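S.K.: Going down the list, the sequences are from chains G and R.
FYI, in this note's numbering the residues of the first sequence are 6 to 518.
FYI, in this note's numbering the residues of the second sequence are 18 to 522.
Rather than coming from a laboratory, the hints here were simulated on the basis of the structure.
Note that the structure is predicted; figures quoted are calculated from it, not measured.
Taking lysine-lysine and the DSS-like style, the derived pairs with C-alpha atoms no more than 27 angstroms apart in a straight line are:
#, chain 1, residue 1, chain 2, residue 2
1, R, K115, G, K401
2, R, K199, R, K261
3, R, K483, R, K504
4, G, K377, R, K115
5, R, K432, R, K390
6, R, K432, R, K501
Distance ranges between label pairs, derived from CB positions:
#, chain 1, residue 1, chain 2, residue 2, range
7, G, A326, R, D138, 36 to 46 angstroms
8, R, G404, G, E362, 35 to 45 angstroms
9, R, S105, G, A326, 35 to 45 angstroms
10, G, T404, R, S105, 21 to 31 angstroms
11, G, A360, R, D230, 28 to 38 angstroms
12, G, R378, R, G404, 52 to 62 angstroms
All C-beta atoms, glycine included, are put in the ideal place defined by N, C-alpha and C.
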Amino acid sequence: MSEPLSSEAAAEVVRLTASQVAAAVESGAVSAVEVAQAHLDRIAAVDDDVHAFLHVDTEGALAAARAVDERRSAGEPLGPLAGVPLALKDVLTQRGIPTTAGSRMLEGWRPPYDATVTARLKAAGVVILGKTNMDEFAMGSSTEHSAYGPTHNPWDLDRIPGGSGGGSAAALAAYEAPLAIGTDTGGSIRQPGAVTGTVGVKPTYGGVSRYGLIAFSSSLDQAGPCARTVLDAALLHEVIGGYDPLDSTSIDAPVPPVVEAARRGARGDLSGVRIGVVRELSGEGYQPGVEARFREAVELLTSLGASVTEVSCPHFGYALAAYYLIAPSEASSNLARFDAMRYGLRVGDDGEHSAEEVMAMTRAAGFGPEVKRRIMLGTYALSSGYYDAYYGSAQKVRTLISQDFAAAYDQVDVLVSPTTPTTAFRLGDKVDDPLAMYLNDLCTIPSNLAGGAAISVPCGLSDDDLPVGFQVMAPALADDRLYLVGAALEAALVDRWGGPLLDRAPALEGASS
Amino acid sequence: MNDRPYEPPQELVPFEEAVADFDVVMGIEVHVELSTASKMFCGCPTEFGAEPNTQVCPVCLGLPGALPVLNRTAVESAMRIGLALGCSIAEECRFARKNYFYPDMPKNFQTSQYDEPIAFDGVTTVEVEGRSFDIAIERAHMEEDTGKSLHVGGATGRIHGADHSLVDYNRAGIPLIEIVTKPIEGTGALAPQVARAYVAHLRELVRGLGVSDVRMEQGSLRADLNVSLRRSPSDEFGTRSETKNVNSLRSIERAVRYEITRHAGVLSSGGRIVQETRHWHEDTGVTTSGRSKEQAEDYRYFPEPDLVPVAPAREQVEELRASLPEPPSVRRGRLAEAWGFSELEFRDVVNAGALSVIEETVEAGASPAAARKWWTGELARRANVDGLELEELAITPAAVARVQALVESGALNDKLARQAIDGVLAGEGTPDEVVAARGLQVVSDGGALTAAVDEALAANPDVVEKIRSGKVAAAGALVGAVMKATKGQADAARVRELVLERVGG
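Put together the whole structure using the sequences plus the hints.
M.R.: This is the structure:
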């Protein structure tokens, strides 16, 4: 066993990007075990404040890291992310590791199988540190709906880290992990990325397997990479992406060349790239500082050679309404399996209550208010007599939104908008006002409804000194365009700032220890 | 303790009266469990009778995160059934979720087809008492089966009174094809037989396709019977009852008949029929109320987002159509001609459901006449006593053919042959093993037989005298005595010869 890293070296290791970690492990500058330990120590130091993790798998992480070190010393080739630590959103199954989807309903459940994403991470030698906090069953935009308490935004611990993947985004921003996995049903990767100053990608629907992803809304759910840099996200995308015979909606096509696109983008030449600014995604309700950073970023892209035009997507105004019918409808069906009979929570099993009563009592105790709200909404929207008016109409709107996208992509290669209308709000501010909470996903929802790809890249700080996200959207299977534009923007901004945006985040307690 | 729900006394109207006063409308839903090697949406095996919960995986257990992947063979089987029923095959169809709660359904929704079945609008013909009835098929669609509950601790094995329940998910996810008829009208007093004949016909047809083992007693083919009555064929349909999961042909006929008399009783006394599901009780021959459907259930159907649409290639459909086996009616025509039975004999065979077993017995070497004799005679009687179908008897057509061969070689007489069949049915082995073990042997020659005849002659001098005086028919009594003395193992014809020889000599 080698000497543990000095605290200075450990502090340096946790600030490395994923590609830097992989290079360091491969060259032998540091062992995968040392990298894993440095991150585990970091988690121990700061996660009481951040609460990004629901479960830390110290033993599993160290064992995975040891396996990478052994492969290296045996001279075996290592993949591009071997030995890199990662935080896994608690909505993806990992064999033998508690998986709760942020719900009491699944407290203590240890899945007997790996999600395809999990299996691919393991096969790539990625070191899974643990499971990250999230809004219950991925329903929410703040991670305040986790049954296990909220996650705090490392930029300001009184603020939300976004949701539902707040834990994954916060883990990155707090340097607890260089990579994370999120899932994005209406923006749950991109919106947390935006409010924590990190990168989040929603790949094309079907581009990453949903097998083992605890379903919220099957036709919208999409797992994807979270990272601190666009290149890291691309590296992760290539590891988890691609056809999976276990998911019939997964696309039987090669993963777009995202890593190559990220590297090309970083060289800063966007000549020939046509960018469309979505007219409907700005104006009233958008924080001035958010709009200002967005406009500056658009100008920057122009200066890199891109041609920028304004594009109209007239039906985007209905996206939120359609989403809040479709997603709860599917959720009401997907969550029906949580009936206290086979796994997870069971309340009232005392011989005095019938099976139906046990089911009802368990659901009353096990589901939080937001989940109950959406189950009720969805049950109503699907019920006979209302189906056509609600679910049916929402599906029609969905088609119109897809047509808006198709028409826009006839003119431009990518569409851009702010990722969120505002920066991170304060914990508790909107928890009692679901409609205000839902507005956070205004800009991200359309690409979920249409099944396209989208990325959020940090583009500066708003007037409140909190990060702003820049969203790039691309057609299905054109994920590489996100990385091209995203990496070019990132490189230009980092150049302008003299370092990554995250460097401006306040140091957390324990960060220097 | 009686575990059935309270059921007010039923005023039944005699069947003949019921069908004279009312017009019967039926709808029949048949579930066929496919005998694919793996389940509908996962790779788990489907073998019947395995240890509980040994053929399960995250998908068929509905574990969080698990996703279905469609079994292509099941789709092909569904199309073949649809084509055999004269249905159109959808250009594109989808699965839907049927949301309802059921303790042995892992996801609490059933992945099924709703408004887009794979096969629709067919027609098939059944014959009852020389009349043909065209049964219009609404649809044949694909769905998955549920698990199975076992209620432990009560006296009856029912949930009421049990202290706990166990669930076996081996069956969960096994592919089912549900075949739904359009309303069957104009059957009159033949309604019960038409229902039976339709299900028998489906069973024959599906068996011919080789896509299911169609064993009703194992639940791989089960029928739900919708029955309603109205005063006149020009009236609107009456309220229907749905008798669930009837699993023998005989019960289908009886259950329809019972429901007709029950409905007529309620309607004649001024009552009204409640739309509900009902349970059939084989032992008492009645149905009792199950779930009320008066507030129609809201299944909240919506397209299954975890599965992509199914779009069968037209070439594949045509290939399947071209490869369909001989239709049952054509087959019947062919067999009738080959066997040379009279029209009446052939109808008896069809009505007894003996076509296939006779065919197989003939294939195993027996003459058509002999095969018919066994299956519509002795074996039909045995099946009837035990409430089984002919196929369900513990004797194969090959074994019947072997028994017949022994008869024809003179090794067995009719009585001994029946004993041999008894032995086979009792599980004592093959016909040859039974014959050996039971010592079934025709005594046709040798001293023993001569001695027995002499003994009979000596004991019955009066009969001997009668024969001598020309009443040859009296010899029967002596033959009977010899047969009795040899415990039936003698060859009766030979005994008669010997008797006449001795008396004459």
